[in-house]
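Novice: Chains P, A and L, in that order, are what the protein sequence lines are.
1 is the number of the first residue of the first sequence in the working numbering; add one for each residue after it.
1001 is the number of the first residue of the second sequence in the working numbering; add one for each residue after it.
2001 is the number of the first residue of the third sequence in the working numbering; add one for each residue after it.
It should be emphasised that the hints constitute simulated quantities derived from the structure, not laboratory data.
Take these hints with a grain of salt, some might be off.
With a Cα cut of at most 16 Å, we get these calculated EDC-like pairs of lysine to aspartate or glutamate [what the hints assert, rightly or not]: (1) K2153/L / D1133/A; (2) K2196/L / E2174/L; (3) K2159/L / E1123/A; (4) K2298/L / E1123/A; (5) K2213/L / E1127/A; (6) K1027/A / E2174/L; (7) K116/P / D177/P.
Residues from chain A shown here face chain L by an in silico Cβ test under 10 Å; the list is partial [stated by the list, open to error]: (8) M1188; (9) V1206; (10) A1417; (11) P1418.
All residues carry an ideal CB built from backbone N, CA and C; glycine is no exception.
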Amino acid sequence: MSYLELKDVSVSFGPASNRTEVLSNLNLKVEENEFVAVIGFSGAGKSTLMSLLAGLQEPTNGEVLFKGKPIKGPGPDLGIMFQNYSLLPWLSVNDNVKLAVNKVFPELSKKEVDEKIHNYVEMVRLDHAGDKKPHELSGGMRQRASLARTLSLDPEVLLLDEPLSALDALTRSELQDQILNIWERDKRTVVMITNDVDEAVLMADRIVPLTMGPKATLADEFIVNMERPRDRHTLNDHPEFMRLKAEITRFMMNLNKEAKSLAKPVNTSMPDIAPKDFTVPSGRPQFSRNFKISASPSTPS
Amino acid sequence: MKKRLIIPIIGLLASASLPAETLDLEKDSLKFGFIKLTDCAPIVIAKEKGFFEDEGLQVEVIAQPNWKTLLDNVISGELDGAHMLSGQPIAATIGFGTKAHIVTAFTMDLNGNGITVSNSIWEQMQENDPRLDSPTPPHPISAEALKPIVEEKLDDGEKLQMGMVFPTSTHNYELRYWLAASGINPGMYTKSDIGGRTDAQVELSVTPPPMMPATLEAGNIQGYCVGEPWNQAAVEKGIGVPVTTNFDIWKNNPEKVFGVSKAWADENPQTYLAVTKALILAGQWLDETDASGKLVNREEAARILSRPDYVGADYDVIKNSMTGFFLFQKTDKREMPDFNVFYKYHCTYPWYSDGIWFLTQMRRWGQITEAKPKDWYLETAKEVYKPEIYLKAAQLLLDEDKIKKEDIPWDSDGFKAPTTEFIDGIEYNGKEPIKYLNSHKIGNKDSE
Amino acid sequence: MKILSSIKYPLLKAIDISGLTFLSPVVRLCYGEEPSVQLKKIGQWIIIPVAAMLLFIFAWNAGSGLIKTKAGTLPTPGETADALGSINTFADREDLKKEAYNLTGEERLAALAVAEAQLASITPKVQETTDAVAQAKSEHEKSIAVVVEPLEKNYDELKEKFSQAQDKRKQELESVSETLVIGDKASYTKFLDLVKANESQTDAEKTELSSLKAAISDARNDKSKKVALALSMQTKVAEEKQFLEKQIEQLTKRNRSIMVESAETNISTTTEELYQLTGADAYKKARSIAKDESRLEKTIESKYAQPATLWYQVRRSILCVFTGFIIGAGIAIPIGILCGLNSTFMAAMTPFIAIFKPVSPIVWLPIALIIVGGFIPDPENNAVIQWLWKAPLIDIYKINPAFIASAITVALCSLWATLANTALGVASIDKDHMNVARVLKLGFWSRLFKIVIPSALPLIFAGLRISLGVGWMVLIAAELLSSSEGIGKFVWDQFNNGASDSFAKMMVVVFVVGFVGLILDRIMIVFQRLVSFEGSKAAI
């Protein structure tokens, strides 16, 4: 029996006549204290997958099991860290954490609560900004605050939904290290969703690709057989790292091509004019950017 | 040092500030309501000249927006008592309009109303009766000259509109009397028509007194019957012409009373006596004359009334009628010493015959929908008018040597002598209400 | 210096929160920050509005003379300022009378001396001003007579002439009618035309006469500024004199300490007399002493019955609007939250909201009065009302059923904005925040108080701000109808007074109401800013 398990799970939306299946026939087993990364394209249904694991959403078919029992609903055991921080804007960082601490440890005295808050805020190195409101913080600081709140729930499973996606490269690596530190020091089960191959290889024990949607499903996993702690500075010279990275990248590229060829041809006849692109150029698709960087071996991440 | 200065003052004032017989006041801080009309004077004067304070009463005098609210506030206990239309306590007691038992032991004044018509109606009246086309036309002016205008309007499918202040106001009955005396039907009240417009040749509607001039100018009504200063205001502003006063309609007719709820009177009998005493003295002060018969205190009274928290109109406007003059037109200022009577002619006494007159009018115009026996009129008047309280208060004042014996009708049976001093000369005898009812051409008639 | 620079940012923040942003360039300029930019801003946000105000006052001054009806003239800014002065004088005098009633000892004597001196100096002026009025009036009458007399003469002559002409024409027509021959239709037609011509001639003459008469009446109604001025001077002096006489009375025989002392003296003399009596006389005397003593106690506690002044009415109105506002918020916020949380409840409430929302205060008030009257039939013997009359701070406002009915009317008219905004705020709560609550497994109440309400608070306050504004507008109408002591009653009383300065006093009220409304709005903006957070809806 696995610790956390997806059994033939599919999720669909919409009325019966026009049903869209987002996730189809997912199977995943996560063992206790394992670090699993799910990698996939934007819009593949990664966040839906995360919601399923956190109990925020129920699958249309199949079941999600936690310690062998179906998940009934969300709870502090399944500590999810949301992609868009979800800090309560009217509360300071400390108060955001306090909300969680008070809920999980209702028996603590005021002093012990304060200590605990301090502890978690320090863990993410935000102790200097504990009294600030979220809008006074930078994106990285917010994500760290969100992480602190999630950690303070002392969850049995840590569900990280693209926790570092909005960060610049420097902050990102710093936070990766922090998450790894925390995980290593205080072992627990982690499922992380990411769109960055480097990140996945650096952090996870196993990497599970999610195919392109709709009807996304989980492909064959990649095992990361690298000793810990992993040193990011020497990683680029590590042959296993290079191999895995290239393999996963290739796999993902193929997925992309396949998806394009599978896409149904448009039946309606279109005017013979190339549509003009009015979109703002700054909207960079996340995956492709990281993908490109990691695809070219000459660029260090 | 301090003592020595105060004691002589006390010596001077001890007699003035303490009544001989102290009443056991149940309540010493009171609220009285009034409508902004000069005939609220007795209440205002009793406060400002200290007659209430002499009785140990601290009184707040509060302006009310209209007669209905005033009555409601007295019924709810928000006000302890108020300046009321004579018809109001009677109507409330018999249940026409809001039902509540209201009593009165004090008649505040006689006369004091006028009927004003718009300039254009006045011009047409002058055409109809050339005698009116003069700077000082002969009085009394009846509605004869108005009749052709009413008929012409009816031919055009319109009705002349006139304003009065309340369905049970003296003004309503006086205006109706004036119109009916010249054969104009002012409309009947019926069970289903509580606006009183059935068969009307002239339609009457309710407008609060202070709004009369503005409503006349706006053309919604072509004339109105109201108390002072709103007739003089029309002359002052040049928007209308007072054609007659109620002195001409019924000489020395009762106008306002001081009304309280029966419950209040029963709970506070001593306070009620004290209030009545103060009001009698205020009336006496208002009608004080010098040797030549000139009213000596009226200018001061007009000045007090012109304060914004009392009547509030310009002193110049209030002064006219209060000092015994009435401006019919800018060119026609007449002496009318009895335009407002506050004390003379035993007027402060609550006469049963006055109450019965109002009851006959209510029956005449259908506000009382069914015929009533003769005795009912007196019984009802006795429920509302309380001369026994008045006489008790007067006796106390007489004992204190504050009033003269001849000023009070000590041995009256509550009926004024029969009189024919009406514009149509019909005799009114309070003891024969049904006969009186039947002596009019227009209006309900009952068999004895 | 250091302190100065350290308060700069707190100061600017305070200005920002309070919404008085026009002050911020002034502060920045004082700190020497980009003077040219700040001066430009000052020009835009201070000088231009002030100039616009001045322009408005100028236009008002110029325009007010043009708007004239028989009922009155639009008051000028100067008259409005005078009216404010006379409102204040009235209030001051009432305060002085009240003070005089309570003064004792040396203070009383000092005040008495002052009042007597003032009275002595003002008394001769009474005659002077009265004479001035008489003179101004007679001059005015003369000047009118100069205009009117020739007109009247003209009128009389014309009238005479026309009536003769009319008689003559009538005779002529009658003589023509004699010559008519039956069967000769042409002659009849001609005769008919003659009659018609005569009628139209008569009508034309009538019109001419009546236009002449209108001219006469206009001339008679001509108002003289001099007379008005003399009258207002006379009124001022006479009122002052009357006030001083009353004041002296309040300081002597109507003074509480004097009344108490005289009563005490009286009691001690009668007590002496009692000692000499026995039997029925003794009983009578003793009873009268007992009565006197209880009356003395009442005198000691008595208060001067002071009439309401405008400033008291303004304070009472503000109390009333907040009472209504709190009642309204107390109803609207819970219902709004339920509506936002539960779409079924929202569906159930929608028809009520739709029907009741547009109802005018004039309709609510009588209903509110009846309901309040039903619960409080006798305010004198009602425990709650009695408690309110004795409660500290609000005892002077004498909260009565009319007040409560007005407050309820305010609540019923103003709660809709809060209700709608609360429902919207709760319904549109960020899904992520709700997910946080789900993950934390918060219970209903902590979810409500920790997530839902804080999240909806900016919108709730935006609603409350609208509600307070609506309530303030509604209150004036409600007070006017219920005759609850307040600004509305002041307006109604002024309207009823119809005195020469009544319109000016109503103009004062326009500004007072506007100013209080502005302050209330600013207060709500501060609250709204304090509860707003980044990304919250309706942030200002």
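Novice: Now, for every hint given, state plainly whether the structure supports it.
Specialist: Hint check:
no., hint, result
1, K2153/L / D1133/A, "holds (15 Å)"
2, K2196/L / E2174/L, "holds (14 Å)"
3, K2159/L / E1123/A, "holds (14 Å)"
4, K2298/L / E1123/A, "violated (61 Å)"
5, K2213/L / E1127/A, "holds (13 Å)"
6, K1027/A / E2174/L, "violated (81 Å)"
7, K116/P / D177/P, "violated (22 Å)"
8, M1188, "violated (28 Å)"
9, V1206, "violated (15 Å)"
10, A1417, "violated (38 Å)"
11, P1418, "violated (39 Å)"
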